[in-house]
Amino acid sequence: MRELASTEEQELVEALRAGDEAAFMRLVRELGPSMLRLARLFVSSQAVAEDVVQDAWVAVLRGIDRFEARSSLRTWIFRILTNTAKTRGVREGRSVPFSALAGGDEPAVDPDRFLPDDARFPGHWAAPPERWEGAERLLAGETLALIEREIEKLPPLQAAVITMRDVEGLDADEVRNALDLSETNQRVLLHRARSKVRRALEEYMR
Amino acid sequence: MRLDRELNCAQVVELVTAYFEYRLSADDAERFEEHLAFCDGCSTYVEQLRATIAATGRLRSEDVPVELQDRLLDTFRAWRVP
Chain S
1 MRELASTEEQ ELVEALRAGD EAAFMRLVRE LGPSMLRLAR LFVSSQAVAE
51 DVVQDAWVAV LRGIDRFEAR SSLRTWIFRI LTNTAKTRGV REGRSVPFSA
101 LAGGDEPAVD PDRFLPDDAR FPGHWAAPPE RWEGAERLLA GETLALIERE
151 IEKLPPLQAA VITMRDVEGL DADEVRNALD LSETNQRVLL HRARSKVRRA
201 LEEYMR
Chain R
207 MRLDRELNCA QVVELVTAYF EYRLSADDAE RFEEHLAFCD GCSTYVEQLR
257 ATIAATGRLR SEDVPVELQD RLLDTFRAWR VP
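Going down the list, the protein sequences come from chains S and R.
Residue 1 is where the first sequence starts when you use the numbering used here, and the numbers rise one by one after that.
Residue 207 is where the second sequence starts when you use the numbering used here, and the numbers rise one by one after that.
Calculated from the structure, these hints are not laboratory results.
You may find that some hints are simply not true.
[To be verified] Simulated restraints on C-beta separations:
| hint | chain 1 | residue 1 | chain 2 | residue 2 | range |
| --- | --- | --- | --- | --- | --- |
| 1 | S | Ser71 | R | Asp246 | 37 to 47 Å |
| 2 | R | Asp233 | S | Ala100 | 32 to 42 Å |
| 3 | R | Glu212 | S | Ala127 | 33 to 43 Å |
[Stated by the list, open to error] Footprint (simulated), chain R over chain S, 3 or more residues, beta carbon under 8 Å:
| hint | segment |
| --- | --- |
| 4 | 77-91 |
| 5 | 108-116 |
| 6 | 197-205 |
[To be verified] The list that follows gives simulated cross-link-like pairs (lysine to any residue, SDA-like), each with its CA atoms no further than 20 Å apart:
| hint | chain 1 | residue 1 | chain 2 | residue 2 |
| --- | --- | --- | --- | --- |
| 7 | S | Lys153 | S | Ser45 |
| 8 | S | Lys153 | S | Leu115 |
| 9 | S | Lys86 | S | Val96 |
| 10 | S | Lys153 | R | Phe282 |
| 11 | S | Lys153 | R | Ala284 |
| 12 | S | Lys86 | S | Ser99 |
| 13 | S | Lys153 | S | Arg37 |
| 14 | S | Lys153 | R | Glu253 |
| 15 | S | Lys153 | S | Ala102 |
| 16 | S | Lys153 | S | Asp105 |
| 17 | S | Lys86 | S | Ala47 |
| 18 | S | Lys153 | R | Gln217 |
| 19 | S | Lys153 | R | Gly263 |
| 20 | S | Lys153 | S | Ala59 |
| 21 | S | Lys86 | S | Asp51 |
| 22 | S | Lys153 | R | Leu265 |
| 23 | S | Lys86 | S | Leu36 |
| 24 | S | Lys153 | R | Arg264 |
| 25 | S | Lys153 | S | Arg88 |
| 26 | S | Lys86 | S | Ala59 |
| 27 | S | Lys153 | S | Pro97 |
For each residue, glycine too, the CB sits at the ideal point set by N, CA and C.
Let the hints inform the model, and build the full structure from the sequences given.
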């Protein structure tokens with residue numbers, strides 16, 4: 001998914017305003033997976049997340065005539081979705097602390113793999129990674145299934161960020177705005193998530 | 207982000223995403239690249255993270271459930287009718 005050129009985006013906005021069903025459904029299918037995933041961060045079940053997505057689209061359609069393109073259309077839609085989901089989560093009495101969603105502070109690589117502070121070269125590799133032989137294995141179905149399982153195991157916010165960035169191809173600003181994260185937080189969450197997936201692959205590629 | 211001395215490997219592995227996203231200052235990016243030039247372990251690490259991102263990019267995102275798509279189409283039609 002790439003950033004829509006602004007004329008392309010303007011055409012899309014016009015199409016929605018004009019009631020173009022096909023354009024609407026294309027957008028629903030394109031943004032839907034991310035919207036559901038985002039909603040799921042704040043509410044208790046998949047069914048409620050689907051209601052949130054529907055409510056968000058209602059709000060989008062109600063507001064589309066007033067949309068002024070100060071942000072990209074997708075960013076605007078994600079903001080509406082997140083606000084809708086948060087409100088619903090509060091109403092459900094569900095409040096999950098940020099730390100539970102984001103996961104703890106953990107290094108990308110097990111510290112034991114680096115030389116200790118009293119070594120001649122502290123912080124340098126003691127057990128460096130080995131090259132992955134047979135790189136075509138990385139693309140095998142079995143490997144992809146492993147990556148999927150690994151992403152499911154991540155703290156929810158890390159799973160959301162890596163999916164939106166690396167599976168669905170949204171850019172850093174879109175994800176940051178959708179989740180109301182600082183630029184640094186977005187990057188740290190992405191880095192932790194990618195590091196854990198790499199670690200799982202390292203085990204597997206041995 | 208500002209780093210004040212030569213990087214060690216434990217630091218490099220934490221900076222890879224910032225490097226990929228062009229979030230290191232020009233000086234720091236240079237230091238990062240210098241480190242990679244002489245460190246096989248970190249070069250391999252960076253390569254593996256790239257390969258990880260590429261492999262993750264091959265996953266297909268889930269489809270929006272058909273039943274939800276139908277509901278949304280109804281929503282759209284209802285909105286369109288003045």
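Going through the hints against the structure:
{"no.": "1", "hint": "Ser71/S / Asp246/R: 37 to 47 Å", "verdict": "holds (44 Å)"}
{"no.": "2", "hint": "Asp233/R / Ala100/S: 32 to 42 Å", "verdict": "holds (37 Å)"}
{"no.": "3", "hint": "Glu212/R / Ala127/S: 33 to 43 Å", "verdict": "violated (21 Å)"}
{"no.": "4", "hint": "77-91", "verdict": "violated (count 0)"}
{"no.": "5", "hint": "108-116", "verdict": "holds (count 4)"}
{"no.": "6", "hint": "197-205", "verdict": "holds (count 4)"}
{"no.": "7", "hint": "Lys153/S / Ser45/S", "verdict": "holds (17 Å)"}
{"no.": "8", "hint": "Lys153/S / Leu115/S", "verdict": "violated (29 Å)"}
{"no.": "9", "hint": "Lys86/S / Val96/S", "verdict": "holds (11 Å)"}
{"no.": "10", "hint": "Lys153/S / Phe282/R", "verdict": "violated (36 Å)"}
{"no.": "11", "hint": "Lys153/S / Ala284/R", "verdict": "violated (40 Å)"}
{"no.": "12", "hint": "Lys86/S / Ser99/S", "verdict": "holds (16 Å)"}
{"no.": "13", "hint": "Lys153/S / Arg37/S", "verdict": "holds (14 Å)"}
{"no.": "14", "hint": "Lys153/S / Glu253/R", "verdict": "violated (24 Å)"}
{"no.": "15", "hint": "Lys153/S / Ala102/S", "verdict": "holds (12 Å)"}
{"no.": "16", "hint": "Lys153/S / Asp105/S", "verdict": "holds (16 Å)"}
{"no.": "17", "hint": "Lys86/S / Ala47/S", "verdict": "holds (15 Å)"}
{"no.": "18", "hint": "Lys153/S / Gln217/R", "verdict": "violated (25 Å)"}
{"no.": "19", "hint": "Lys153/S / Gly263/R", "verdict": "holds (18 Å)"}
{"no.": "20", "hint": "Lys153/S / Ala59/S", "verdict": "violated (33 Å)"}
{"no.": "21", "hint": "Lys86/S / Asp51/S", "verdict": "holds (13 Å)"}
{"no.": "22", "hint": "Lys153/S / Leu265/R", "verdict": "holds (16 Å)"}
{"no.": "23", "hint": "Lys86/S / Leu36/S", "verdict": "holds (13 Å)"}
{"no.": "24", "hint": "Lys153/S / Arg264/R", "verdict": "holds (19 Å)"}
{"no.": "25", "hint": "Lys153/S / Arg88/S", "verdict": "violated (25 Å)"}
{"no.": "26", "hint": "Lys86/S / Ala59/S", "verdict": "holds (14 Å)"}
{"no.": "27", "hint": "Lys153/S / Pro97/S", "verdict": "holds (18 Å)"}
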